[in-house]
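> Chains C and X, in that order, give the protein sequences.
Going by my numbering, the residue at position 328 of the first sequence is 328; the numbering climbs one at a time, nothing skipped.
Going by my numbering, the residue at position 364 of the second sequence is 1364; the numbering climbs one at a time, nothing skipped.
Fair warning: there could be bad hints in the mix.
[To be verified] Derived contacts from chain C toward chain X, CB cut-off under 10 Å, selection only:
# : residue
1 : S106
2 : E143
3 : Y295
[Stated by the list, open to error] Below, computed lysine to aspartate or glutamate pairings styled on EDC-like, alpha-carbon distance capped at 20 Å:
#  : chain 1 : residue 1 : chain 2 : residue 2
4  : C       : K303      : X       : E1197
5  : C       : K29       : C       : E211
6  : C       : K148      : C       : D281
7  : C       : K148      : X       : D1173
8  : C       : K233      : C       : E26
9  : C       : K148      : X       : D1171
10 : C       : K67       : X       : E1405
11 : C       : K303      : X       : D1129
12 : X       : K1183     : C       : D145
13 : C       : K336      : X       : E1187
14 : C       : K336      : X       : E1197
15 : X       : K1355     : X       : E1085
16 : C       : K148      : X       : E1169
17 : C       : K303      : X       : E1187
18 : X       : K1404     : C       : D69
19 : X       : K1183     : C       : D284
20 : C       : K148      : X       : E1085
[As the list claims (entries may be wrong)] Some chain C residues near chain X, calculated using beta-carbon distances under 8 Å:
#  : residue
21 : I75
22 : F94
23 : P121
24 : L125
25 : T146
26 : T357
27 : Y361
28 : D364
Hint data in this document are derived by calculation from the structure and do not stem from the laboratory.
Ideal Cβ positions, reconstructed from N, Cα and C, are used throughout, including at glycine.
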Amino acid sequence: MAEKVAGRGLATANKYYQDYGGRARELKKQGQRIMGYICALVPVEIISAAGFVPFRIKGDVNEPITKADSEMETIVCPLVRSCFDMSLKGKYEFLDGIVIPHACDSICRTYDVWKYTLNLPYSHLINMPHATGDSSLSFYRAELDTFKRSLSRFAGREISDESLTQTISLYNQNRAKVRELYELRKSSPPLISGAEVARLLVGVVGIPVEESTRLIDDVIEEVKQRGKVLPTKSARIMVVGAQIDNATFIDLIEDSGAWVVVDDLCPGAREFFSDVAVTPDPIDGIAERYLRGIYCGRTFREKRESYYEYLGQRFGHIGRFTKEFKVDGVVLYIYKYCDPFGFEVPAMKSYIESNGTPVLYLEDEYSMSTIGRLRTRIQAFLELLGSK
Amino acid sequence: MTEEKKEEERKKRSTATEAAAKIGPMVKAMIASVLQARDEGKPIAYTFICCCYDEIMRAMDIVPHWVENYAGICGAKRDAQRFLEKAESESFSRSLCTYALCGLGFDAWREELGQMPPDAPWGGQVKPDVMLGSGQILCDPRNKWYQAAQHYMPNVPVYNVGLPWPPYENDYDYREVQGYYIKYIVEELRGLVAFLERHIGKKMDWDRLSQLIDLTDRTWNLIWETYELRRAVPSPMGTGDAMNTMVPIVFMMATQQAYDFFRELNEELRHKIANREGEIPDEKYRLIWGGGLPAWFALTDFNYFNSRGAVFPVETTYRMVEAVYNFDIDLSRISDPLEHIAWRWLKYWTYWYDKARKRPGSHPDVERLIQYIEDYKIDGIVMHEAFSCRTWHVGLIWQLNRLKEIYRDMPSLILESDIVDISSYNEADTRARIDAFIDTLEAIKSR
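The following block holds chain C by itself, in its conformation from the complex:
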């Protein structure tokens, strides 16, 4: 049984956000084993079923990258570099191992750097295919079996179908709670700010799933109880990007006079809006969800009849969000050196704009030094939205 989370929801979420890793460190001292991972494409259900607490490795936008440069090239995605830098600096000294997926070049091509430099007791690369056809799904399924066997050996215990089914259920409950949370953002003004959601979602990927679910539930109750305390602002914004592991950029938008009411991000809607189906062999459901159910730029989907339909297949969920959450404008926020999302920009931008929603595309470097420039661009975009 997991510990009861102390304190009120938002305050606790903020504590976990500010002291990221603190809870995992406590659990480690209590004898639990902690498995680090990078990216939402790692099937945390398998890690949990093996008896580990999955812990998402995150960077720190306020911490200059220094140590990482002695092992990792500066042409790597700055977020990955920051994650590695924090790891080298001992921020995540409690990890028993690391699991890295074939998500993108910046993550996958640095696997050996992570593995050999950190020298953790366990490491594993999940070789996820890019394509989503049936042969790719079968292959990926076999890869997950390999991962399961490998992790089981390291854990010293069998990962049973029963335990997998149980963790699948726990994570699906967790995702359902996040979706319930997002419902609170649909009103105008929203009941919860984008920055509050960002702090919560970043914080909960570093704690056990049961605690995460309870915390999100606490936040939902707290927000419902406080009612409409947030002021009306000039625009409702959706943020789209790869991974944002801090609230700085969301704060920036909200300090500039808009609410961030929905996103297509990790952590965020991209990873919490699709469930693992319950299947006789639980690995089947996990494979299906992680390969086909997460709409990430790194995954290649076969083209449908017309190009417009194809764009809908890739970006239709963004279009649906803009309607459901009454979005006035979309900000594409993409880090430098991000090939999977960088190549999406013209197509994604044209698709969203063709549905009548203005788009601002920003490229950033995962650094506080760019805040001034970003603020100017955001303010100009909000003025543009206001004049429409």
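Start from chain C and add chain X according to the hints.
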């Protein structure tokens, strides 16, 4: 063409071998043949190097247009900036792969004009009938480039071939998983054949495919044997030339032309070795090009190394073959041609795994460096970090660190610029760094 451009074209890198000097015209003819194929209505495919569909395309008479090659040509001719800027104007970040940016900028411009952009290098890049991408364990652009290109050519279909290989892990041997890797690759290749038959309207000639596979095996063996000749002291051929002779390896595989080219190169190297004729008259330092694609606009840097007494008998870049008779599987016994291709692919990528496992703390990439350092009597390592390519340029620093830890401390130099974007390059700075590196080598030699 402006006078400035003509001047730049005159500054060509001098080659050590006659074979390497023939490459320029060969590439020009290759590009011209694609343009001619367009006029003749032959099917054309956009393709990437090292995707193991060479034999499949050629057996079906599909004309490959190698997009990385064309971007490299634009870079080498110092005429890529306008295409990069066009891509940037389309909202592609300049930090992305500049091969892709150059190609996408060209395609966007061509489709906008309805004809080739003005003064397109060597006649330009034609609109293809199909685009063949690949999903590997490296290179996001191979997975994304053609999808992005469809924004400008929405009716050109894409097939993305899944081509994984097992990672090098501590807790299991790759042979434990190779069965399902092969199964997947074969299914993907079968899907490719079906895709091509559907869109090109021509059936696969399976007998011809088998013949071309045999030709490719023989070519791989010949290339490996030819490059091994470069172990000789003095070395008869350097990496500068190998950046030319990569053309038959990666753009002409499964053709008699590629095989014949290496037969001639083999003979030429044997002749040079017999006459003790090195790449340069007075070979002082033997270096390995230990990683990274070259700056195509600055190949004369290899001549600069030569002018300082340094030669490159070996490189890891573009040496993308092994002798198939050294694999732990007899490929000739595999009757299914697609399975043959799949096994060759997997055995190539796992070739150094067993050797690495024998040395504590080693890794296949590092083990390969060590083997080459010993076989080719290497004094120092040079690498190139191209800012726009994470595929081949991530892990270089780490490899050098590993090498120092498990083998020995070698003098090393990491040059920095790009494959296509000349704005990243500073000749004076680069050569100053080469000078300093040579000074280090000299100091070590004179100890």
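> The structure should be examined with respect to each hint, and the outcome stated for every one.
Taking the hints in turn, this is what the structure says about them:
no.: 1; hint: S106; verdict: holds, 6 Å
no.: 2; hint: E143; verdict: holds, 8 Å
no.: 3; hint: Y295; verdict: violated, 14 Å
no.: 4; hint: K303/C - E1197/X; verdict: holds, 18 Å
no.: 5; hint: K29/C - E211/C; verdict: holds, 17 Å
no.: 6; hint: K148/C - D281/C; verdict: holds, 13 Å
no.: 7; hint: K148/C - D1173/X; verdict: holds, 15 Å
no.: 8; hint: K233/C - E26/C; verdict: violated, 40 Å
no.: 9; hint: K148/C - D1171/X; verdict: holds, 12 Å
no.: 10; hint: K67/C - E1405/X; verdict: holds, 18 Å
no.: 11; hint: K303/C - D1129/X; verdict: holds, 15 Å
no.: 12; hint: K1183/X - D145/C; verdict: holds, 16 Å
no.: 13; hint: K336/C - E1187/X; verdict: violated, 35 Å
no.: 14; hint: K336/C - E1197/X; verdict: violated, 39 Å
no.: 15; hint: K1355/X - E1085/X; verdict: violated, 45 Å
no.: 16; hint: K148/C - E1169/X; verdict: holds, 14 Å
no.: 17; hint: K303/C - E1187/X; verdict: holds, 19 Å
no.: 18; hint: K1404/X - D69/C; verdict: holds, 17 Å
no.: 19; hint: K1183/X - D284/C; verdict: holds, 18 Å
no.: 20; hint: K148/C - E1085/X; verdict: violated, 47 Å
no.: 21; hint: I75; verdict: holds, 5 Å
no.: 22; hint: F94; verdict: violated, 21 Å
no.: 23; hint: P121; verdict: violated, 10 Å
no.: 24; hint: L125; verdict: holds, 4 Å
no.: 25; hint: T146; verdict: holds, 6 Å
no.: 26; hint: T357; verdict: violated, 16 Å
no.: 27; hint: Y361; verdict: holds, 6 Å
no.: 28; hint: D364; verdict: violated, 11 Å
Figure legend: structure checked against the earlier numbered hints; hints not met, in rising order: 3, 8, 13, 14, 15, 20, 22, 23, 26, 28.
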